[in-house]
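J.: Spelled out, the chains give:
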Amino acid sequence: MKKYAPLLLLLLLSFDGFAGGVYQEPDAFIAEAFADNPPKADVIWPTGALKTQMKQILGHDYKGLRIRYWRKADRTAWILDEIGKDKPITTGFVTNQGRIETARVLIFRESRGWEVRHAFFTDQFNQVSLNTANKLDRHIDNITGATLSVRAVTKLARLALLLDQAVSEQQAAL
Amino acid sequence: MTGRQGHKHTAFLWHRRIGLVAIALVLVLAITGISLNHTESLKLDEAYIDSALLLRWYGLEPEGEAISYDVGEHIITVLDHQVFFNTYPVTTTEQTFRGAVKTAQLIVLAFDSELVLLTTDGEFVERMPTGHGFSDIQRIGIKYQRPVIETAEPHYYMADEHMLDWDVIINDEVSWAQSTTLDPTKMAVLLESFRGRGLTLERVILDLHSGRIFGELGVYVMDAAALALLWLSLSGLWVWWRRSLKQKRKRHYQKHHRVQVEHRPS
Chain L
1 MKKYAPLLLL
11 LLLSFDGFAG
21 GVYQEPDAFI
31 AEAFADNPPK
41 ADVIWPTGAL
51 KTQMKQILGH
61 DYKGLRIRYW
71 RKADRTAWIL
81 DEIGKDKPIT
91 TGFVTNQGRI
101 ETARVLIFRE
111 SRGWEVRHAF
121 FTDQFNQVSL
131 NTANKLDRHI
141 DNITGATLSV
151 RAVTKLARLA
161 LLLDQAVSEQ
171 QAAL
Chain B
1 MTGRQGHKHT
11 AFLWHRRIGL
21 VAIALVLVLA
31 ITGISLNHTE
41 SLKLDEAYID
51 SALLLRWYGL
61 EPEGEAISYD
71 VGEHIITVLD
81 HQVFFNTYPV
91 TTTEQTFRGA
101 VKTAQLIVLA
111 FDSELVLLTT
121 DGEFVERMPT
131 GHGFSDIQRI
141 GIKYQRPVIE
151 TAEPHYYMAD
161 EHMLDWDVII
171 NDEVSWAQST
181 TLDPTKMAVL
191 LESFRGRGLT
201 LERVILDLHS
211 GRIFGELGVY
221 VMDAAALALL
231 WLSLSGLWVW
241 WRRSLKQKRK
251 RHYQKHHRVQ
261 VEHRPS
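Chains L and B, in that order, are what the protein sequence lines are. Be aware that the first sequence starts at 1, since it is given in my numbering, and climbs by one per residue. Be aware that the second sequence starts at 1, since it is given in my numbering, and climbs by one per residue.
Chain L extracted, bound-state conformation (with noise of 0.2 Å):
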């Protein structure tokens, strides 16, 4: 039995290379977001200039007419998928006051470059804004291996805070 334990902990290492799957629920991000007591949902239709905006950061038009988030003063969670290579991941973020307060990975479901979903690349999100040119203002780390889904989880946080300015322009203009 001794001789086959190098090949059973070499088969055991590869199993554990895809470490992909649901990692949260977006609704109990949600829930978790707002101590339990979510707000009503709502919607953004981008049109015009924020439809430019969000193609220029994503690199092509965003999947979808609409997006859902959920506001309660000045925070804002939003849950956004961006494809890495092949799949779409699944984030949610949370706002206040046009910085990044919370940033998660909550579904991956590409084979490779699952290592974002750690807190050591989450963690530079926070706090973060956009500048004048709807850039973050820090740098982010890449994760050697994961370059394409850093990629993907950088343009959704520019994103999300793209999107916490529209509501806010929104909501001052009510």
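Fair warning: there could be bad hints in the mix.
[What the hints assert, rightly or not] Here are the simulated distance ranges between beta carbons:
{"#": "1", "chain 1": "B", "residue 1": "192", "chain 2": "L", "residue 2": "171", "range": "46 to 52 Å"}
{"#": "2", "chain 1": "L", "residue 1": "168", "chain 2": "B", "residue 2": "171", "range": "41 to 47 Å"}
{"#": "3", "chain 1": "B", "residue 1": "221", "chain 2": "L", "residue 2": "138", "range": "47 to 53 Å"}
{"#": "4", "chain 1": "L", "residue 1": "111", "chain 2": "B", "residue 2": "80", "range": "18 to 24 Å"}
{"#": "5", "chain 1": "L", "residue 1": "143", "chain 2": "B", "residue 2": "93", "range": "25 to 31 Å"}
{"#": "6", "chain 1": "B", "residue 1": "124", "chain 2": "L", "residue 2": "168", "range": "24 to 30 Å"}
{"#": "7", "chain 1": "B", "residue 1": "53", "chain 2": "L", "residue 2": "120", "range": "37 to 43 Å"}
{"#": "8", "chain 1": "B", "residue 1": "192", "chain 2": "L", "residue 2": "126", "range": "22 to 28 Å"}
[Said to hold, decoys possible] Here are some chain B residues the structure puts well away from chain L; computed CB gaps all over 12 Å:
{"#": "9", "residue": "13"}
{"#": "10", "residue": "38"}
{"#": "11", "residue": "196"}
{"#": "12", "residue": "216"}
{"#": "13", "residue": "217"}
{"#": "14", "residue": "249"}
[Stated by the list, open to error] Covered by chain B, per the in silico footprint, the following chain L stretches (three or more residues, Cβ under 8 Å):
{"#": "15", "region": "39-51"}
{"#": "16", "region": "55-69"}
If you are wondering where the hints come from, they were derived from the structure by calculation, not from laboratory data. Fair warning: this is a prediction, and the values are worked out from it, not measured in the lab. Ideal Cβ positions, reconstructed from N, Cα and C, are used throughout, including at glycine.
Following the hints, put chain B in place on chain L, whose structure we already have.
T.: Relative to the frame of chain L, chain B by itself:
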């Protein structure tokens, strides 16, 4: 002398062996090469493959049955994870299709644990994961122009007109979505849409020529065939040169020997 004979023999033997092994591949290379040189005149790029085996090999044959639901004058179909509005692909899904209904403003598609919203023109609006709230959707229906979801428990939820909020209701006066079967004509159009522009004969011949039709290994096999062809030409040249040298020596020897015999004093 023995060593030289052995060397000559080895070259000829390998020429013959490799020639025999490579013959099938060289034939494929030659026939496909000639065909590709005349793609236009043979109209290979206009001939489409309809062999189910080949289409499946290329991943163009859908797996599983099509599931369709009527939504007014349109049909929503899910075929091999692809969601179609009539014959236009709108999105993909990994979940089981539970039905589709048309509300006053939207078309709502239900899957195991998510809803997909389309405009009445089939434009993608939003994908709504249902999460813990009411996962395990069994079917979708309509009541007062609003979508109703039945979960596995079973519980019944009705959405507001903007699909933002859900209320628990009782199963009463709900018109549940009924699946429909596509007629052969519509199915043929859908399959055409699923396969895109289809698979041309030129593509298949090109992939046969490069070996890509059998994946990465096929490319190496065709590389080996090309190397075998290279070996055959060089070894053939070598065998021909050795033979001509031998014949030249033989003629020289015979001539020389004959001269000696003729001039031998009697």
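J.: Run every hint past the structure and note whether it holds.
T.: Cross-check of the supplied hints:
1. 192(B) to 171(L): 46 to 52 Å: Cβ of residue 192(B) to Cβ of residue 171(L): about 48 Å, so the range 46 to 52 Å holds.
2. 168(L) to 171(B): 41 to 47 Å: holds (42 Å)
3. 221(B) to 138(L): 47 to 53 Å: With Cβ atoms ~52 Å apart, the hint holds.
4. 111(L) to 80(B): 18 to 24 Å: holds (20 Å)
5. 143(L) to 93(B): 25 to 31 Å: holds (29 Å)
6. 124(B) to 168(L): 24 to 30 Å: Given range 24 to 30 Å: holds, Cβ gap about 26 Å.
7. 53(B) to 120(L): 37 to 43 Å: Check failed, 49 Å falls outside 37 to 43 Å.
8. 192(B) to 126(L): 22 to 28 Å: violated (50 Å)
9. 13: Fine: 42 Å to the nearest Cβ keeps residue 13(B) off the interface.
10. 38: Check passes; 38 Å lies beyond 12 Å.
11. 196: Per Cβ check, residue 196(B) is outside 12 Å of chain L; nearest 18 Å; holds.
12. 216: holds (18 Å)
13. 217: holds (22 Å)
14. 249: At about 62 Å from chain L, residue 249(B) clears the 12 Å cut-off, so the statement holds.
15. 39-51: It holds, with 4 qualifying residues against the three required.
16. 55-69: n = 6 at 8 Å, threshold three: holds.
When the structure is compared with the earlier hints, violations turn up for hints 7, 8 and for no others.
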